[in-house]
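Order-wise, the sequence lines are chains A and B.
Per the numbering used here, the very first residue in the first sequence carries number 1; after that it's consecutive.
Per the numbering used here, the very first residue in the second sequence carries number 491; after that it's consecutive.
Just so you know, the hints here were simulated from the structure itself, not pulled from any lab data.
One or more hints might be untrue.
Here are the simulated distance ranges between beta carbons [claimed, not checked]:
{"hint": "1", "chain 1": "A", "residue 1": "G415", "chain 2": "B", "residue 2": "E679", "range": "55 to 63 angstroms"}
{"hint": "2", "chain 1": "A", "residue 1": "Q348", "chain 2": "B", "residue 2": "S519", "range": "30 to 38 angstroms"}
{"hint": "3", "chain 1": "A", "residue 1": "L426", "chain 2": "B", "residue 2": "N624", "range": "25 to 33 angstroms"}
{"hint": "4", "chain 1": "B", "residue 1": "S519", "chain 2": "A", "residue 2": "G415", "range": "52 to 60 angstroms"}
{"hint": "5", "chain 1": "B", "residue 1": "K511", "chain 2": "A", "residue 2": "Q49", "range": "36 to 44 angstroms"}
{"hint": "6", "chain 1": "B", "residue 1": "K511", "chain 2": "A", "residue 2": "T87", "range": "51 to 59 angstroms"}
{"hint": "7", "chain 1": "B", "residue 1": "T608", "chain 2": "A", "residue 2": "L342", "range": "37 to 45 angstroms"}
{"hint": "8", "chain 1": "A", "residue 1": "L342", "chain 2": "B", "residue 2": "E528", "range": "23 to 31 angstroms"}
{"hint": "9", "chain 1": "A", "residue 1": "L342", "chain 2": "B", "residue 2": "E679", "range": "23 to 31 angstroms"}
{"hint": "10", "chain 1": "B", "residue 1": "K511", "chain 2": "A", "residue 2": "Q348", "range": "34 to 42 angstroms"}
{"hint": "11", "chain 1": "A", "residue 1": "K242", "chain 2": "B", "residue 2": "S776", "range": "55 to 63 angstroms"}
{"hint": "12", "chain 1": "B", "residue 1": "E679", "chain 2": "A", "residue 2": "D420", "range": "53 to 61 angstroms"}
{"hint": "13", "chain 1": "A", "residue 1": "K242", "chain 2": "B", "residue 2": "N624", "range": "51 to 59 angstroms"}
Using N, Cα and C, we set each Cβ at its ideal position, and we do this for glycine too.
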Amino acid sequence: MDLTFASISEIADAVKSRKVSAKEVAQHFQKRIDALNPKLNAFTSLNLQAVQDADALDARIAKGEDVGLLAGVPFGIKEMFCTKGLTTTAGSKILENFVPPYDATAVARLKKSGIVVMGKLNQDEFAMGSSNETSFHGVVKNPWDLERVPGGSSGGSAAAQASRLVAGTLGTDTGGSIRQPASFCGIVGVKPTYGRVSRYGIIAYASSLDQAGPMVSSVKDAALTLEVISGFDPHDSTTAQKKVPAWSQSLKADVKGMKIGLMKEYMTGSLDPDVQKTVENSVDTLKKLGAEIVEVSVPMTEFAVPVYYLVAASEASSNLSRYDGVKYGYRAEFKNLSAVDLEEFYSQTRGQAFGAEVKRRIMLGTYCLSSGYYDAFYNKAGQVRRLIMEQYLEAFKKCDVILSPVTTAPAFKIGERVSDPLAMYLNDIFTTSTNLAGLPGMSVPYGQSQSGLPIGVQLTAGHFEEQKMLNVAYALEGASLVKGKHPHVI
Amino acid sequence: MSSRGYEAVIGIEIHVQLSTKTKIFSSESTAFEAGDNENTSPVSVGMPGSLPVLNSKVVEYSIKTGLALGCDIRRKSVFARKNYFYPDLPKGYQISQYDQPICENGSITFKVDGKEKTVSITRAHMEEDAGKSNHHGEYTLINYNRSGIPLLEVVSGPDMRTPQEAAEYARTIRQIVRYLDVCDGNLEEGSLRCDCNVSVRKEGATQFGTKVEIKNINSFRFVEKAIEYEIERQIDCVERGDKIIQETRLWDPDKNRTFSMRAKEDAQDYRYFPDPDLQPVIVTDSIIEKYKKELPELPIARAKRFQDEHALPELDATVLTTEKDLADFYEDTAKESRNFKASSNWIMTELLRELNSANKNIKDSPIKPAQLGKMIAMIDKGTISGKIAKTIFQEMWASGNDPEVIMKDKGLVQISDPAAIEKLVDEVLAANAQTVEDHKSGKKKNLFGFFVGAVMKASKGQANPDLVNKILLEKLK
Numbered sequence: 001m002d003l004t005f006a007s008i009s010e011i012a013d014a015v016k017s018r019k020v021s022a023k024e025v026a027q028h029f030q031k032r033i034d035a036l037n038p039k040l041n042a043f044t045s046l047n048l049q050a051v052q053d054a055d056a057l058d059a060r061i062a063k064g065e066d067v068g069l070l071a072g073v074p075f076g077i078k079e080m081f082c083t084k085g086l087t088t089t090a091g092s093k094i095l096e097n098f099v100p101p102y103d104a105t106a107v108a109r110l111k112k113s114g115i116v117v118m119g120k121l122n123q124d125e126f127a128m129g130s131s132n133e134t135s136f137h138g139v140v141k142n143p144w145d146l147e148r149v150p151g152g153s154s155g156g157s158a159a160a161q162a163s164r165l166v167a168g169t170l171g172t173d174t175g176g177s178i179r180q181p182a183s184f185c186g187i188v189g190v191k192p193t194y195g196r197v198s199r200y201g202i203i204a205y206a207s208s209l210d211q212a213g214p215m216v217s218s219v220k221d222a223a224l225t226l227e228v229i230s231g232f233d234p235h236d237s238t239t240a241q242k243k244v245p246a247w248s249q250s251l252k253a254d255v256k257g258m259k260i261g262l263m264k265e266y267m268t269g270s271l272d273p274d275v276q277k278t279v280e281n282s283v284d285t286l287k288k289l290g291a292e293i294v295e296v297s298v299p300m301t302e303f304a305v306p307v308y309y310l311v312a313a314s315e316a317s318s319n320l321s322r323y324d325g326v327k328y329g330y331r332a333e334f335k336n337l338s339a340v341d342l343e344e345f346y347s348q349t350r351g352q353a354f355g356a357e358v359k360r361r362i363m364l365g366t367y368c369l370s371s372g373y374y375d376a377f378y379n380k381a382g383q384v385r386r387l388i389m390e391q392y393l394e395a396f397k398k399c400d401v402i403l404s405p406v407t408t409a410p411a412f413k414i415g416e417r418v419s420d421p422l423a424m425y426l427n428d429i430f431t432t433s434t435n436l437a438g439l440p441g442m443s444v445p446y447g448q449s450q451s452g453l454p455i456g457v458q459l460t461a462g463h464f465e466e467q468k469m470l471n472v473a474y475a476l477e478g479a480s481l482v483k484g485k486h487p488h489v490i
Numbered sequence: 491m492s493s494r495g496y497e498a499v500i501g502i503e504i505h506v507q508l509s510t511k512t513k514i515f516s517s518e519s520t521a522f523e524a525g526d527n528e529n530t531s532p533v534s535v536g537m538p539g540s541l542p543v544l545n546s547k548v549v550e551y552s553i554k555t556g557l558a559l560g561c562d563i564r565r566k567s568v569f570a571r572k573n574y575f576y577p578d579l580p581k582g583y584q585i586s587q588y589d590q591p592i593c594e595n596g597s598i599t600f601k602v603d604g605k606e607k608t609v610s611i612t613r614a615h616m617e618e619d620a621g622k623s624n625h626h627g628e629y630t631l632i633n634y635n636r637s638g639i640p641l642l643e644v645v646s647g648p649d650m651r652t653p654q655e656a657a658e659y660a661r662t663i664r665q666i667v668r669y670l671d672v673c674d675g676n677l678e679e680g681s682l683r684c685d686c687n688v689s690v691r692k693e694g695a696t697q698f699g700t701k702v703e704i705k706n707i708n709s710f711r712f713v714e715k716a717i718e719y720e721i722e723r724q725i726d727c728v729e730r731g732d733k734i735i736q737e738t739r740l741w742d743p744d745k746n747r748t749f750s751m752r753a754k755e756d757a758q759d760y761r762y763f764p765d766p767d768l769q770p771v772i773v774t775d776s777i778i779e780k781y782k783k784e785l786p787e788l789p790i791a792r793a794k795r796f797q798d799e800h801a802l803p804e805l806d807a808t809v810l811t812t813e814k815d816l817a818d819f820y821e822d823t824a825k826e827s828r829n830f831k832a833s834s835n836w837i838m839t840e841l842l843r844e845l846n847s848a849n850k851n852i853k854d855s856p857i858k859p860a861q862l863g864k865m866i867a868m869i870d871k872g873t874i875s876g877k878i879a880k881t882i883f884q885e886m887w888a889s890g891n892d893p894e895v896i897m898k899d900k901g902l903v904q905i906s907d908p909a910a911i912e913k914l915v916d917e918v919l920a921a922n923a924q925t926v927e928d929h930k931s932g933k934k935k936n937l938f939g940f941f942v943g944a945v946m947k948a949s950k951g952q953a954n955p956d957l958v959n960k961i962l963l964e965k966l967k
């Protein structure tokens, strides 16, 4: 069995049936990390106990215990998730030494199902970025081309998964942070319906938009992982009370009679020709497989990017207030602390430890919520957001799943857009409205640029209709033009 | 009600600490006695990734308080974040309610100097408390035990005009929340915190003056004193031609004055917005009906019933209803004794005196209502005399025993058998033949009392005094 390219369920089955030990699996991937991470910078810290954890799992299996669905599967966890005993920085200097005393619910559920945490994965600072260039831990390299970004904010997860440093990863998606890097790195990334996965223990960026999801190598692995992490959590009152379907069991590559919506608003404008082609090819494939293609419209999506940045920055400005140097995390050094007034204490601490992009969004959000501006910005954004959601609900009366590009172009070069935040923000044009409407969305690898960069297509479904989306993705995956292709670094 | 031609305008914000067992958004204890930072969790200290989950008891207590204050209960109320930086505010924002509070538009009526006064309740909203900063000169330590303690902030209209009205308003709120059992009303432990907004204006003026907020008042007496001081200070200020500064002042109980804490000139912008971590609080009609049914009879209504149905004087009714436990004690006593006024008398004079001198709560009374009621019934049946009753009462207080047991043990049964009394009378008369002569001849006046005393003494105080009187009168004819 080639562990490097084995699927999640293959590894779990092998470990459970003791064809391979969890320890061997952990050691295999640890070697890969040691060899490749210096090139990629995907991992920010490693779980030094990983092999022991795997060993303990083997001991339980030897005793005949059922250790769970994902027995011995090595996972990497984005820095955004609190992991008990493992440094959790959110990619920021302000949390450089923060070791949480608890696991995020999603991590706890994965652990309960038998995964082995290999380490923490790089990301944009507080998930604010689309290129992984804002991380305190430095930029992550795209394994397909080390001069290019892996996308963001879950860049570490995408790069680690694409180069098979682990068998599965977790990411978070606030405006595209799972789907965009998944597309840039040629993996499957799923952002479930808002409320599907508990946000407890996930460092908040924009609470009403944040969702966690799997970033893995196949649609089936995505379905399986999602099953494990989904479901109501008494610690998060925004989780849904809905039953979690057995998506992986019901997965069907059958799209016959399904209605695939193409969003009018996304089909115009300047798409990179390779992206354009990838989308067209995927539509042709679905047609051939018996799906019906219909045109749908969400006119308000035109405003999705500005609305997203207003909502996300406003919530972030409040969510990030807790990083004040008082209780944990970074604190500015003062020669004589008792002579420093509070305002100086805060501004030095926050000024020294937050990066430029985080500061920009805190300032933008603070402004939006300020008295006199609230109605014009935050409130107005909320109104438009509701309209976007309503228009999506209308669109889903006409189709089962909406297909669209993930980004306008494949992975760009490191440093190319750093100095132009607006250009960077426009990168999120196809992904943000999904979060604003709370819908499930995913990226599935389908095409390739002329220079060999992977290109995904985005699928979006109605609330809690993950199965439909996963089925279409499963069908596309079977017909993918990049199937079996891997980045050259590995 | 005016001072030097000025009128004061007073509004009060009372932070009512709801006596739930656990915090408003997390499950650790709210107990007052706990080691520093013992009652904390990732949620109440604002650790990264932690999320609030609303304690439904807080909603129940808030709705019940709102109903008791005559408020409209919002069917959908919303938690909002109030953003500001302070070390004892762990998240950098307080979860409170802003434009959609759970309770609105209520009022309460109470008496001040015998006159009825109605004060409007603008709103009452749920929020979390912050931690406590303990300043030690060079450094400050923070205790987050209080962080996340549930509060209901009750905001009055600017309807009070005198310090007495203000203090009585605060007392009434305390009385109500204690009746509802949603707050222990302990001002010293901070379970009830009063912030008073005070302004003055020329009598007859319709515009409000600049208001000053007074904080740090931990007794009702200080509410009165602080406002009194503040009114005079403000009038002096206006008379001098100075402008009143909008500010927060603290009450200094040692110096009997208020002093400036911070100016409010650059009003803080709290950047309120709905908390995305919490769902709106939805209250159904049936929930409101349910809680309405569970409301206890409130003090004013109860006092009225004691006057109407028990024919108690207003004073008795008012005193007995100050605390729910006391009113319950009275009713339980009266149920057993079947004598309303006697029950009231025994409680108001004997029992309250003993409780006060022992510094005990009515709940901790060693005498239980059924025992007191039984004792009163025994007086009414003539089993014991009022005098014996006092002895028995003292024994009950000391031992907690039933009155019959004490009566038997101490041989305190009243002698009500006419034959036995007649025998005692005869013995006394025979032993005092000369005095009988003097009485009958009218030689000496007022000897009747002497005989009564002698008979009572011979009976060791146990003879029924009415019978003694009656038999003596006949024998001495």
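Verification of the hints:
{"no.": "1", "hint": "G415/A <-> E679/B: 55 to 63 angstroms", "result": "holds, 59 angstroms"}
{"no.": "2", "hint": "Q348/A <-> S519/B: 30 to 38 angstroms", "result": "holds, 36 angstroms"}
{"no.": "3", "hint": "L426/A <-> N624/B: 25 to 33 angstroms", "result": "violated, 50 angstroms"}
{"no.": "4", "hint": "S519/B <-> G415/A: 52 to 60 angstroms", "result": "holds, 53 angstroms"}
{"no.": "5", "hint": "K511/B <-> Q49/A: 36 to 44 angstroms", "result": "holds, 37 angstroms"}
{"no.": "6", "hint": "K511/B <-> T87/A: 51 to 59 angstroms", "result": "violated, 35 angstroms"}
{"no.": "7", "hint": "T608/B <-> L342/A: 37 to 45 angstroms", "result": "holds, 43 angstroms"}
{"no.": "8", "hint": "L342/A <-> E528/B: 23 to 31 angstroms", "result": "holds, 26 angstroms"}
{"no.": "9", "hint": "L342/A <-> E679/B: 23 to 31 angstroms", "result": "holds, 27 angstroms"}
{"no.": "10", "hint": "K511/B <-> Q348/A: 34 to 42 angstroms", "result": "holds, 41 angstroms"}
{"no.": "11", "hint": "K242/A <-> S776/B: 55 to 63 angstroms", "result": "violated, 25 angstroms"}
{"no.": "12", "hint": "E679/B <-> D420/A: 53 to 61 angstroms", "result": "holds, 57 angstroms"}
{"no.": "13", "hint": "K242/A <-> N624/B: 51 to 59 angstroms", "result": "violated, 46 angstroms"}
Hints 3, 6, 11, 13 from the list above are not met by this structure, while the remaining hints are.
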